[in-house]
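Q: Sequence:
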Amino acid sequence: MCGICGIFDLSGAGRLEGGAVSAEKMLAAMAHRGPDASGVYVSPDANCVLGHNKLAIADINAGKQPASNEDNSVWIALDGELYNYSHIWKDLEAQGHKLKTSSDTEAVAHVYESYGLDFAAKLNGAFSAAIYDAGAGRLVLARDRAGVKPLFTAVDNNFLYFASEIKAILAVKPEFKSLSEEAVHEYLIYGFISAPSTIFRKINKFMPAHVAAYSSGGEKYEQTYWQARYSPEYGRSAAAFANDLMSSIKNAVKDRMSSDADIGAYLSGGINSSIIVALMSKISSVRTRTFAIGFDEDGQTDLKFAAKVAEMFDCVHHAFNLKSREIELLPDIISYFDEPIADPSVLPAFQSARVVSRHARVILNGEGADELFGGHERYLWETIAGVYTRLPKLLRKSFLEKVIKLFPASTNNIFENGVRKVKKFVEYCAYDPNYRHLSFTSYFSGESLRALLPGFEKNKNTILAAEKKYEIDFNEGNFENWISSVLFSDYKYPLQNSVIVKNERMCAANSVENRSPFLDHRIIELAMKMPVNYKIKNLSLKNILKVMMQDTLPIYILHRPKTGFMPPVDRWFRGDLRELMCRGHLSIDSIDTYKTYFPFRLTIRPNSVKIYRIGRLNSA
Numbered sequence: 001m002c003g004i005c006g007i008f009d010l011s012g013a014g015r016l017e018g019g020a021v022s023a024e025k026m027l028a029a030m031a032h033r034g035p036d037a038s039g040v041y042v043s044p045d046a047n048c049v050l051g052h053n054k055l056a057i058a059d060i061n062a063g064k065q066p067a068s069n070e071d072n073s074v075w076i077a078l079d080g081e082l083y084n085y086s087h088i089w090k091d092l093e094a095q096g097h098k099l100k101t102s103s104d105t106e107a108v109a110h111v112y113e114s115y116g117l118d119f120a121a122k123l124n125g126a127f128s129a130a131i132y133d134a135g136a137g138r139l140v141l142a143r144d145r146a147g148v149k150p151l152f153t154a155v156d157n158n159f160l161y162f163a164s165e166i167k168a169i170l171a172v173k174p175e176f177k178s179l180s181e182e183a184v185h186e187y188l189i190y191g192f193i194s195a196p197s198t199i200f201r202k203i204n205k206f207m208p209a210h211v212a213a214y215s216s217g218g219e220k221y222e223q224t225y226w227q228a229r230y231s232p233e234y235g236r237s238a239a240a241f242a243n244d245l246m247s248s249i250k251n252a253v254k255d256r257m258s259s260d261a262d263i264g265a266y267l268s269g270g271i272n273s274s275i276i277v278a279l280m281s282k283i284s285s286v287r288t289r290t291f292a293i294g295f296d297e298d299g300q301t302d303l304k305f306a307a308k309v310a311e312m313f314d315c316v317h318h319a320f321n322l323k324s325r326e327i328e329l330l331p332d333i334i335s336y337f338d339e340p341i342a343d344p345s346v347l348p349a350f351q352s353a354r355v356v357s358r359h360a361r362v363i364l365n366g367e368g369a370d371e372l373f374g375g376h377e378r379y380l381w382e383t384i385a386g387v388y389t390r391l392p393k394l395l396r397k398s399f400l401e402k403v404i405k406l407f408p409a410s411t412n413n414i415f416e417n418g419v420r421k422v423k424k425f426v427e428y429c430a431y432d433p434n435y436r437h438l439s440f441t442s443y444f445s446g447e448s449l450r451a452l453l454p455g456f457e458k459n460k461n462t463i464l465a466a467e468k469k470y471e472i473d474f475n476e477g478n479f480e481n482w483i484s485s486v487l488f489s490d491y492k493y494p495l496q497n498s499v500i501v502k503n504e505r506m507c508a509a510n511s512v513e514n515r516s517p518f519l520d521h522r523i524i525e526l527a528m529k530m531p532v533n534y535k536i537k538n539l540s541l542k543n544i545l546k547v548m549m550q551d552t553l554p555i556y557i558l559h560r561p562k563t564g565f566m567p568p569v570d571r572w573f574r575g576d577l578r579e580l581m582c583r584g585h586l587s588i589d590s591i592d593t594y595k596t597y598f599p600f601r602l603t604i605r606p607n608s609v610k611i612y613r614i615g616r617l618n619s620a
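By the working numbering, the letter at position 434 of the sequence shown is numbered 434, and the numbering carries on one by one without gaps.
Hints should not be assumed to be uniformly reliable.
[To be verified] Derived DSBU-like pairs: lysine-lysine, alpha-carbon spacing no greater than 30 Å straight-line: (1) K98 to K122; (2) K250 to K308; (3) K537 to K562; (4) K202 to K220; (5) K323 to K282; (6) K122 to K173; (7) K167 to K468; (8) K304 to K537; (9) K282 to K502; (10) K90 to K100; (11) K468 to K397; (12) K308 to K397.
Treat the hints as calculated values from the structure; they're not laboratory data.
Here the structure is a predicted model, which is why all the values come from computation and not from measurement.
The whole structure should be built from the sequences, with the hints applied where relevant.
A: Structure, rendered in structure tokens:
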């Protein structure tokens, strides 16, 4: 994990004589991404400047960036790690390339020399790269297949700005803080903003699995070098898939354990993290460091299961509790994201990475497994919805739904909570299947946004655009049913734009390299080939992982219900943090301070909240 940035003169007029100063400002804004060293390269033609912050993971005493090839005609800044480095090295040697160091960054420069814009397809890793080709007079940007490493771009006055974090671009272009109304609406609906959009109108996310070349004449060429497509292979048994998957995950874990710095793994006691820890323990002769987090209010369930797994594989285990008052860290945490993300688990993610930073610089995690292999509870909802919607309409509308409406629903006891969930499920089934799985987890529906936001006609188009963003393109896969399409959609949107972002930013904030074996592109490809009934079978989630690990992990781990990574914020706000919330953030004085951003006012009473509109949404 490092930070890269730069500026490219699209006019080719050589207007970057002072570019080093701008690059240093950009690097300073994201110094947390690489506290060990920094470097700046300004091209002799003053058309390009590259910057790099280094977090030393491998070859700690070498690998200075930006780096170049033998004749300094190709310069590169790289964020990330290559996991097929040894293969690349042999390939380059066979072609006659002479490398000055053992750095994978320099190796990428030579791969580019050999393969041009097809170079990214030769790389297996998590990376974002910026290459200046002096001979061709062009800048080349690339990003890894799963979008693990971030990259942002913006264009102004015929200059291209790029960086690993938005704040680096804003450090030299503060006028880019103008908000995108469509992005605001998308965030309010789904809780995140999907690529290529950001919350800022003039700044974009560079797409995963993407390469773009910008010439000094202002021309742009871009291509997608890899694409995940759902294409199930029905002729293979679940056992055959499980064997192939075990081999692929072993290789992915082994690849990501390459490090000259201390390495560890997150351990929740669930199946995803337990698989990673089990394989790490088999691969390494050194005891695996594991890290677990719990909450005082949850009875320490996660910590108990994590401790059992750690003992099972003789790990050096670190466990800690998150306290409610640690929510006061949120302002600092939010600053690392640069744009909003509605996920309360950012707090434990940040604190987990902070604890890791005291013991290791590299952490492995189990992210991606739930979306690829069917681990979320909403997939069961979709499965049951498929059965429910096939019942005769007369039975559903004239009997079942009328009976359900007779029951009261509140949040006062278990029965009434259950009724509330059933009513929500019935509402869920009425949605268009194309996006109902996302609407089930959304914060505001398009309908509620139209009621909340003043000037509906003005906002109508952007709200509709945000809603339609997640309609599934059936050309992207041979979907056998709605569950398979839901899994694909979750891989494409929440995983890439929320889950990965959360963990990457929180680790980056603490100068920790975050590695995700399940996001290896070979595992993604294998997951896309599995029929959905291998993943979700008889209402058993992640069934293929259970088959794969049945001889390694005990039943109480394999079949443990997913608990998630969420702090008990509802109990916090009713307890220790009630005063902070009601008298602080939700006070009239506090809300009035931010009234240009929120078109409504809240009036707090002991048992109720009333909403009053106070003005229009200001996107400036």
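Q: Next step is simple, just say for each hint if it's right about the structure.
A: Status of the hints after comparison with the structure:
Distance hint between K98 and K122 is fulfilled; the C-alpha atoms sit about 18 Å from each other, no more than 30 Å. With a CA separation close to 22 Å, the supplied pair K250 and K308 stays within the 30 Å bound. Of the supplied pair hints, the one linking K537 and K562 holds, its CA atoms being roughly 16 Å apart against a limit of 30 Å. Between K202 and K220 the alpha-carbon distance is near 17 Å, which keeps this suggested pair within the 30 Å criterion.
A hinted pair counts as satisfied when its Cα atoms are at most 30 Å apart, and K323 with K282 does not qualify at roughly 34 Å. As the CA atoms of K122 and K173 are separated by approximately 34 Å, the hinted pair breaks the 30 Å bound. A distance of roughly 29 Å separates the Cα atoms of K167 and K468; the hinted pair therefore holds under the 30 Å criterion. As the CA atoms of K304 and K537 are separated by approximately 28 Å, the hinted pair is consistent with the 30 Å bound.
A distance of roughly 29 Å separates the Cα atoms of K282 and K502; the hinted pair therefore holds under the 30 Å criterion. Distance hint between K90 and K100 is fulfilled; the C-alpha atoms sit about 15 Å from each other, no more than 30 Å. Taking the CA atoms of K468 and K397, the gap is near 28 Å; set against the 30 Å cutoff, the hint holds. For the suggested pair K308 and K397, the alpha carbons sit about 48 Å apart, so the restraint of at most 30 Å is broken.
The structure does not agree with the numbered hints 5, 6 and 12 stated previously, though it agrees with the rest.
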